[in-house]
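Protein chains in written order, with this note's numbering: chain A, 1 to 588; chain B, 1 to 354.
Think of the hints as simulated: they come from the structure by calculation, not from any bench. All values reported here derive from a predicted model rather than from experimental measurement. Quick reminder that beta carbons are idealized off the backbone N, C-alpha and C, glycines included. Check each hint, because a few of them may be wrong.
As the list claims (entries may be wrong) - Derived EDC-like pairs (lysine to aspartate or glutamate); straight-line CA-CA distance at most 16 Å: (1) A:Lys-486 <-> B:Glu-24; (2) A:Lys-486 <-> B:Glu-23; (3) A:Lys-99 <-> A:Asp-112; (4) A:Lys-50 <-> B:Glu-23; (5) B:Lys-147 <-> A:Asp-376; (6) A:Lys-50 <-> B:Glu-24; (7) A:Lys-50 <-> B:Asp-110; (8) B:Lys-9 <-> A:Asp-112; (9) A:Lys-377 <-> B:Asp-10.
Stated by the list, open to error - Residues of chain B placed beyond 12 Å of chain A at every Cβ, according to the derived structure: (10) Val-32; (11) Lys-34; (12) Pro-52; (13) Phe-134.
Claimed, not checked - Pulled from the structure, derived: some chain B residues nowhere near chain A, Cβ distances all over 12 Å: (14) Asp-10; (15) Arg-105; (16) Leu-150; (17) Ser-160; (18) Ala-169; (19) Gly-192; (20) Asp-224; (21) Gly-227.
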Amino acid sequence: MATPTRVAESSPAVEADRAPASKPKEMHGVAKWADERIGIAKIGKFGLRKVFPDHWSFLLGEIALYSFIILLLTGVFLTIWFKPSMAEIEYDGSYQLLKGMPVSEAFASTLDISFDVRGGLLVRQIHHWAALLFVAAATVHMLRVFFTGAFRKPREVNWLIGVGLLSLSLIAGFAGYSLPDDLLSGTGLRFVDGLIRSIPIIGTWAEFFVFGGEYPGSILIPRLYMVHILLVPGILLGLISAHLALVVYHKHTQYPGAGRTENNVVGYPLFPIYMAKAGGFFFIVFGFLVLMGGFFQINPVWLYGPYDPAKVTAGSQPDWYMGWVEGAIRIIPAMEWHIAGTTWTWSVFLPGVGLMGVLFVGLGLWPFIESWITGDKREHHLLDRPRNAPTRTALGVAGMTCYGMFWLSGGNDIIATRFNLDLNAITLFMRVAVFVAPVIAFIITKRIALSLQRADRERVLHGSEDGMIVRSPEGGYSEAHLPVSKEEEFLLTQHLQHKVLEQGHDTDARGVQRKKGGVGRLQARLSRWYLGHDIPKATASEIEAAHNHGAHGEVEGSHGAPELDGDGTGATPHHSADEDAHSGSTAG
Amino acid sequence: MSHDNLPVKDPELGHPVPNPGLEEHVERYTDVDKGAGDRAYRTILMMLGAVPVLAILFVVIYFAVPRDAYIDFGILQANAMNLGFGLTGGLAVLLIGLAVVQWARVIMGDEESVEIRHAASSSEEERAAVLEEFDAGVEQSGVRRRKLLLGAAGGGLGISLVPAVVLFADMGPHPTAAVRAETIERTIWEEGILLVNDVTWEPLRPEALEVGQLVNAQPANLNDFHGAELQVEKAKASIIVVRMDPNSIKIPQSRADWHVGGILAYSKICTHVGCPISLWERQTHHLLCPCHQSTFDLGNSGVVVFGPAARALPQLPIRVNADGYLVAQSDFTVPVGPSFFERDSSQDFQDGDQ
């Protein structure tokens, strides 16, 4: 958008002017009553017009929050009819195909909700879709926070809370998935039984304690019910409150751009804009989930039938968020140790329990590892453009690729049957791919990020092509460049490039004396690996030089000679691009 | 406005070009064009106006549509009531959201506001003040003079956790050696128990099985169990009975009399994480677990030929009784299902054992 350029005063001074009210207003009625008791005026003064920045990617966390609220609402409805009991009864509901079958009360009441309670099926399906959306939105929200560096100081604690939320949401989802006591969920529990049993040393004890004896026992579903509707949601609620409170305390991060600084937040006030936008968005998410509950069948437990430990369906899959663990369990080669009369089942423990531990511990530690590698101890409220943290971005994509490979492995049987491939070949391929694919993804992503940095630099120094290809009398082709706007120039150069830490230095990147110790060998090496390939952004003097050169070009242009500078050196302004176009046309 | 508590003291660090300040506000089409503004206003009102209509429809569906009415319309096959609820309820809720968001987007003022941030940290004075307060509190508590208080309180609190933890010791029976021998190390198979088909519950006779056939079977005494006990026993006792050409399979010396003319019985419970194994490849004699694709060679004492399982499938020794039915010779010789810590499973069966 063409907007007039102006170099404003430094932006802390840019504050919305509000006309002073002619005379102070007075509170009446309910507001006055409430203020005299709980001081709502003070709360309102602090929060009513609080500014939030606007960006689509900030909606991801909102989707997760709203899914959680919808889960609570629909979940309460389901508890009105659901009976968390493994006692055997004869099914006597309106689903004819299972009439008279011995089933557990949990399964029978799930069928009752689906067939005999009006709207029960809708709410059950909304609940399941909302659960899938909750974990998905939380995951993508976490990726957004990761790639934009929003976890950096002062938000490390909130990142940790987020990691806790994500791991708990997996437990909540899995516990809920197991409640209907159908064939699929029972198979999932059988898997959990094996997983718990594989824990070294305490495995058998843990299994007996969780299941109240041997698998499946008679008490597991009541216990999972407690975990699913009380324990985990209670903790989630507390953590979500803390998560949001910290967002309010820190104020939301914002993307860099004209007028945005580390010390301000630019956006729209809570009342009325964000109340309307966020409140409306809740209804949009809810509306979509209701439509999904109406149109898309999910988890039709009556087709699976009640749980029977002697049966299983081919193509059994967990909900999507457990797919990567399932995949790891599938592709790991057999591995058991036998020491002094004991068995250590690594091929279940490592992929099942260990991998989840690696992911969540790794995520939790990342902000601290990154700050150690870069030596960056500043507060950050402006987000990184992912290209400006190329190694982090590449690591993130590598992690996603690794996750994706494990996740695909969780469907190796489906892939084999759908694409007519050999199951064992897919498994062998995946055993290699989970290690190799992330490395390839890392290299490619880092190259792309660095290329984008280079492109930014070029754009700042040489402007953008004006879209007009001009042929010179000699037959050469060239395209003139227009300088970019002040706003864009600022956007492309505002990021901080950290210096590589040198071994033995006892000052940090900005020359501040370190409190203890210097930079160690490992830290220096990691720092070089992490920061060493950044393309130096344009400096003030380079920009100055480019501007002068550009002015020169414009003068030439006005004389009708459209041969403008194509490369950045300024030493040989004529005309490599020109010649390229030339040779291209003759070759063509 | 205090500017001494900003998060970053040098926000201009590393900026080669100065921050040009906020872009000038550009008015929206709905602000400058009265017609467009009115249209947007009407659209929002229409969206909100549709909500009551949909809500009434929802209630009508609740009371009027029979519960078992079914819609069969091409790819759309669904319970009519559920579909109606989803459509009316979903659209109503969606329209509320769209209307309010649209209101915020095109009618509410869109001038950006700027708010100043403050450092998350407290000021030096606040820190000093709180440390002083803390010291005063410590002084007041008396622990400076009576130093044992703190340790005693902490120790008491710590020890009080022990009863709380011990309270959970009854979550399940303790898997001591004796308990394990009666639970996970045993099934209800024993000498002379009939092998019965797990669907028809008919006892199996050797002549009823042809070469290449697989039958899912259970012990006849499983009928004595009900409810949770039944599930527990079934989760261990389930077997598969296969008949293979005795000349095309390997039968080790130690198991020479465990089969009846090429009929072998194996545990159906996977030694990996315990799924019931069910996919039978009759040409290769391989049995594939559908959960994680561990593959066992039933023509070779059930050894693992592929996948994450580490132990061979336990084999159930069988014979023919006086009436000509298949019966077990004993319980499984090793525990079925996934390995567990307290037992060395390496001696169970390895390829090449005799």
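How the hints compare with the structure:
no., hint, verdict
1, A:Lys-486 <-> B:Glu-24, "holds, 13 Å"
2, A:Lys-486 <-> B:Glu-23, "holds, 10 Å"
3, A:Lys-99 <-> A:Asp-112, "holds, 12 Å"
4, A:Lys-50 <-> B:Glu-23, "violated, 21 Å"
5, B:Lys-147 <-> A:Asp-376, "violated, 41 Å"
6, A:Lys-50 <-> B:Glu-24, "violated, 22 Å"
7, A:Lys-50 <-> B:Asp-110, "holds, 15 Å"
8, B:Lys-9 <-> A:Asp-112, "violated, 63 Å"
9, A:Lys-377 <-> B:Asp-10, "holds, 13 Å"
10, Val-32, "holds, 15 Å"
11, Lys-34, "holds, 22 Å"
12, Pro-52, "holds, 15 Å"
13, Phe-134, "holds, 21 Å"
14, Asp-10, "violated, 8 Å"
15, Arg-105, "violated, 8 Å"
16, Leu-150, "holds, 27 Å"
17, Ser-160, "holds, 22 Å"
18, Ala-169, "violated, 9 Å"
19, Gly-192, "holds, 22 Å"
20, Asp-224, "holds, 15 Å"
21, Gly-227, "violated, 4 Å"
Hint compliance for this structure: hints 4, 5, 6, 8, 14, 15, 18 and 21 are broken, all remaining hints hold.
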